[in-house]
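Trainee: Below are the chains, spelled out letter by letter.
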Amino acid sequence: MSDLVVRCRNLGRTYDADAIPVHALRGVDLDVVAGEFVSLAGPSGSGKSTLLNLIGALDRPSTGDVVVDGVALAGLGEAQLADLRLTKIGFVFQAYNLIPVLSARENVEFIMQLQGVPARERRDRALEILASLGMAELADRRPGEMSGGQQQRVAVARAIVTRPALLLADEPSANLDSETTKGLLELLRRINEERHVTIVTATHDPMVMSYARRRVQLLDGRIASDQRVSAETA
Amino acid sequence: MPLRLLLQLSWRNLWRHRRRNLMLFTAILVAIAACVLLGSLIRGMQNDMMKDAVENLSGNLKVLAPGYREDPSIERAFALTEDYRPDIPDDEMIGWTRRVRVPAVVTSERETRGISLVGVDPGEERAISFLAQVDVRGEPLADADDDRILLGVELAARLDTAVGRRVVIMTQGADGRNREAGFRVAGLYDASGTALEKSYAFTGIHPLQKLLGTNDVTEVSVRLRDDRFSASANRALSKEMGGLEVLNWRQLDPQAAAFYEIADVGITIWYVILLLALAFGLINSLITAVLERVREFGMLRALGMRPRAVVVQVVIESVLIVAFALAGGIVVGVGLVAFFADGIDLSNYAAGAELAGMRSRLVPHLIARDVMVLGALAVALAVFASAYPAWRAVRIKPLDALRR
Amino acid sequence: MPRETLAASDTALPTPRLHRAGGLGLSGALAWRNLWRNRLRTTLTAGGIAFAVTLIVAAYSLQGGAMDAMADHATQLLSGHLQIQNPAYADDPSLRCLVPDATAMARALKSVPGVTAVAQRAVGFALVSVGERSYGAQVMGVDPQQEPAVSSLANLVVKGRYIAGPDDALLGSVIARNLDIDVGDEFVLLGSKLDGSVAALSLHVSGIVESGSAELDRTLVQVQLAAFQDEFGLGDQAHMVVARVSDFEHVGATLPAVEAAIAPLGTASVVLPWQRLMPEVAQTMQLKRASSLVMLSLIAVLVTFSIFNSFMMTVFERTREFGMLLAIGMRPAGIIGVLQIEAAWLALLGAGIGLVVGGAVMTATQHVGIPLGQMAGELARRFNLPDRIYPPLNVGAMLAAPLLMLLATQLAALIPALRIRTLAPVDALRVGA
Chain C
0 MSDLVVRCRN LGRTYDADAI PVHALRGVDL DVVAGEFVSL AGPSGSGKST
50 LLNLIGALDR PSTGDVVVDG VALAGLGEAQ LADLRLTKIG FVFQAYNLIP
100 VLSARENVEF IMQLQGVPAR ERRDRALEIL ASLGMAELAD RRPGEMSGGQ
150 QQRVAVARAI VTRPALLLAD EPSANLDSET TKGLLELLRR INEERHVTIV
200 TATHDPMVMS YARRRVQLLD GRIASDQRVS AETA
Chain A
0 MPLRLLLQLS WRNLWRHRRR NLMLFTAILV AIAACVLLGS LIRGMQNDMM
50 KDAVENLSGN LKVLAPGYRE DPSIERAFAL TEDYRPDIPD DEMIGWTRRV
100 RVPAVVTSER ETRGISLVGV DPGEERAISF LAQVDVRGEP LADADDDRIL
150 LGVELAARLD TAVGRRVVIM TQGADGRNRE AGFRVAGLYD ASGTALEKSY
200 AFTGIHPLQK LLGTNDVTEV SVRLRDDRFS ASANRALSKE MGGLEVLNWR
250 QLDPQAAAFY EIADVGITIW YVILLLALAF GLINSLITAV LERVREFGML
300 RALGMRPRAV VVQVVIESVL IVAFALAGGI VVGVGLVAFF ADGIDLSNYA
350 AGAELAGMRS RLVPHLIARD VMVLGALAVA LAVFASAYPA WRAVRIKPLD
400 ALRR
Chain E
0 MPRETLAASD TALPTPRLHR AGGLGLSGAL AWRNLWRNRL RTTLTAGGIA
50 FAVTLIVAAY SLQGGAMDAM ADHATQLLSG HLQIQNPAYA DDPSLRCLVP
100 DATAMARALK SVPGVTAVAQ RAVGFALVSV GERSYGAQVM GVDPQQEPAV
150 SSLANLVVKG RYIAGPDDAL LGSVIARNLD IDVGDEFVLL GSKLDGSVAA
200 LSLHVSGIVE SGSAELDRTL VQVQLAAFQD EFGLGDQAHM VVARVSDFEH
250 VGATLPAVEA AIAPLGTASV VLPWQRLMPE VAQTMQLKRA SSLVMLSLIA
300 VLVTFSIFNS FMMTVFERTR EFGMLLAIGM RPAGIIGVLQ IEAAWLALLG
350 AGIGLVVGGA VMTATQHVGI PLGQMAGELA RRFNLPDRIY PPLNVGAMLA
400 APLLMLLATQ LAALIPALRI RTLAPVDALR VGA
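Protein chains in written order, with numbering that gives the first Met the number 0: chain C, 0 to 233; chain A, 0 to 403; chain E, 0 to 432.
Calculated from the structure, these hints are not laboratory results. All C-beta atoms in this analysis are idealised placements derived from N, C-alpha and C, irrespective of residue type, glycine included. Among the hints, a few may not be true.
BS3-like mimics (lysine-lysine), calculated; alpha carbons at most 27 angstroms apart, straight line [what the hints assert, rightly or not]:
#1 E/K287 - A/K50
#2 A/K197 - A/K50
#3 A/K197 - E/K287
#4 A/K197 - E/K192
#5 A/K197 - A/K209
Covered stretches of chain E, as calculated for chain C (at least 3 residues, CB under 8 angstroms) [said to hold, decoys possible]:
#6 25 to 35
#7 111 to 118
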């Protein structure tokens, strides 16, 4: 029996912008199983980012419910949602993932600091994950001393060092050129296949979509299609 | 680039960062208002200093015999014709008077005190000295022939005497021999318990001259409409009064003069200090505002706007904020001055205030010159704080700027 | 597909933890580094704080020095640090208002710890006559043994010598000049005894004194106490028993001891500290202190404004970063905590510089002294200040100023920082994207 990492039922999100309601998401059902690599794709306004935010406990739904790793988000307060994000979910954003004044290692350590991991252990784990992801030489560099692609990859390291149930990436390639994007996606594929990290990305980049083995198409706030594909070269 | 367009751009830009500009506006306003109030209070002190010195019988100018200041006795008197009149035009002079002032000993039924006895012409005094404004219990002196005596309230208390009672005056006459006479107390004057009140007594000038056995006077005091006429009036008097000293209030009361000078310097120093305290925050804000807009400047320059025009526009914005805040600060400051127009009550510190040359009410005095100096300093600060970063910002090539 | 083994706590709802930023030390380092992200802004803001601190230290040191000098100098001349008087004397300084058993009083006063010198005086009004000339004068009967210890007048004799015997008299320079008499000349003192009859003393000028106060020099005559008491019929009574204490600033603390010491003598005398004897000096000090407080508070307020502004800009600029931190699970309180530590660093930096600069300048001033120039010299004379003052560094100000700025900075940073509590990660992340 496989573990259900994400379970969404009848998820809806409406914004009241200038008294005109905007239905970003309408009645979406989505299940994500452990170890999947999912891309949420669609044009702008399709609701993919909204869906990602709801899964990531960054936003509250107007209708429906979300369960992440067996925990129902509905009854949780802000502080509890924060704890959930800290321990169960890893994030990679489009940009500004890292604290500018901390080195790569310190950025990876930071998230463990928030969890209260003791100093020696977190230092070891940080160096270990950077090395195993091929970024050992970036350990003492600050974000300002790295390229955009390197920053994104360090962000991935930070996102998984706490062994979360889920890694969410919102438009991770938006600021990168195609070559660098490929490097990032190779990394994501590796951690998905070798460490069985469940990944859900929201993207409109076809290259990102091609690496995902389950492609969910969204249109106007609803799921238009949901395809599983076998491994494919990009 | 036409100025009107620049102004329009500047004005609109101010509203883009409403909250930050409001913060800045408020800070500048508070600083300016404080400067205005403070400057007024110091000017008020300065004014009091001069008024006190001038009204306390010294006048703007005094004519004295040489040596009188060290030894104020009847021996150092000088002759003055009955019809004498100082050669000073009426539009410069408020009034003048002649006085006889000698040291004397006053004895009441119970006590004896050393005092200064001044023979005056009450009519002439009314126009020029504090005797006009002071409260008198009983009656003031009627005229130059009034042979009664006017004592300070404090002095009367020390002598344990009152209106209507008699005191005996003993003093040295013109011939060097002691003279004694009885005087009835006409009234008691209240000069807020100052040193003057404790040691000065007044009577009519003619009875005193008779007592002393002379027609001479010890001083001529001139009150001018404005102290700036002092130099020319001094020259006129010196010409007439050969052999006598003509002194202005600063020479007569060098301590008051010292205070007076310091006030100007003091005000400027405080302005600078307060504006400096403001400057740190002001420069911070302005520099950030400019740096944020590097891209915008790049765009403007790419569109063809000349670098100097960009700098001018930025400077105008800063000057606008400062100008508005300056105006607001001045309005608030003037309001505060009006609020304190009755003066700050220093009666708890009366003795200390007197020592410092102030009255027991500190009344603020606002003059245009101080406000203009303040305005100039503030605008200079704004120009400097914004011109430099703006100039640096426009030197970046448009393409580099756009890429940021 | 099994996932990697998770930590035990991950299966249940995560429990809140206390240290949301890894403890104070790491937040401290993070906060310090954050300060230097914008070097210019930090430098300017710290500069403002340093400015305020330097000003406060300098102002209070100068003021303290000047005030001390003024009070000490003024009380040295005649008033002393405290006096025992007849309760009625202050309002009615006449011959009648006496302190009985003056010698016993003086002895009792001397026994009080903290009292360094004691002298008795009798004072009255009299006429000084030379030939046909006479002037009114304040005659002071003093004990030549005791008086020099409480009054600096004895050191201001410019001609002749201080009084010794019953015929000696010390004259102020102006009254001597007015009477046209010099050292060695004879004159007569005429006054009223207690019973109203005429008191007359035949004296010769033993010395002439220049006190620096024209008023005093014009009216002062000092004679031997015993001679005065005898001629004016006072017996062992005086008008004041004057004392000097070791700590004149806190003379008030000595008062109860003095009152207790003289109580057994059973008279109704009052003990007056110099603040009551020379209210103009005490009040000038109070006035100066009050106005300084107002001014320096104003400067502190203006500097706090700039700190507030600085943090407002900082919070605004880092909104996206805060959104990211909230998204990855940091609590708002944790972020606010880091900001507060940034504020604390800023205050310490600025205050440190301010203390160094202020301390250095004032220490140098203390050694070199401040010459009160020609103009200020006139003021100095009025306020009884010496010609050069050596203001000591005011330690209290050096402690208070940094503390004040620390408090102000914390407050100034808190208000913008509180906005983080209402920040929604989703919106924050979107800012400027």
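Trainee: Give a verdict on every hint.
Mentor: Here is how each hint holds up against the structure:
With a C-alpha separation of about 22 angstroms, the suggested pair E/K287 and A/K50 falls inside the 27 angstroms cut-off, and the hint holds. Taking the CA atoms of A/K197 and A/K50, the gap is near 19 angstroms; set against the 27 angstroms cutoff, the hint holds. Annotation: proposed proximity of A/K197 to E/K287 holds, straight-line Cα distance about 26 angstroms (limit 27 angstroms). With a CA separation close to 24 angstroms, the supplied pair A/K197 and E/K192 stays within the 27 angstroms bound.
Annotation: proposed proximity of A/K197 to A/K209 holds, straight-line Cα distance about 25 angstroms (limit 27 angstroms). Restraint check on the stretch 25 to 35 of chain E versus chain C: 5 residues with Cβ-Cβ distances below 8 angstroms, three needed, restraint holds. Requiring three or more residues with a Cβ within less than 8 angstroms of a Cβ of chain C, the coverage given for the stretch 111 to 118 of chain E is violated, as only 0 such residues are present.
Of the numbered hints given earlier, the model fails hint 7 alone.
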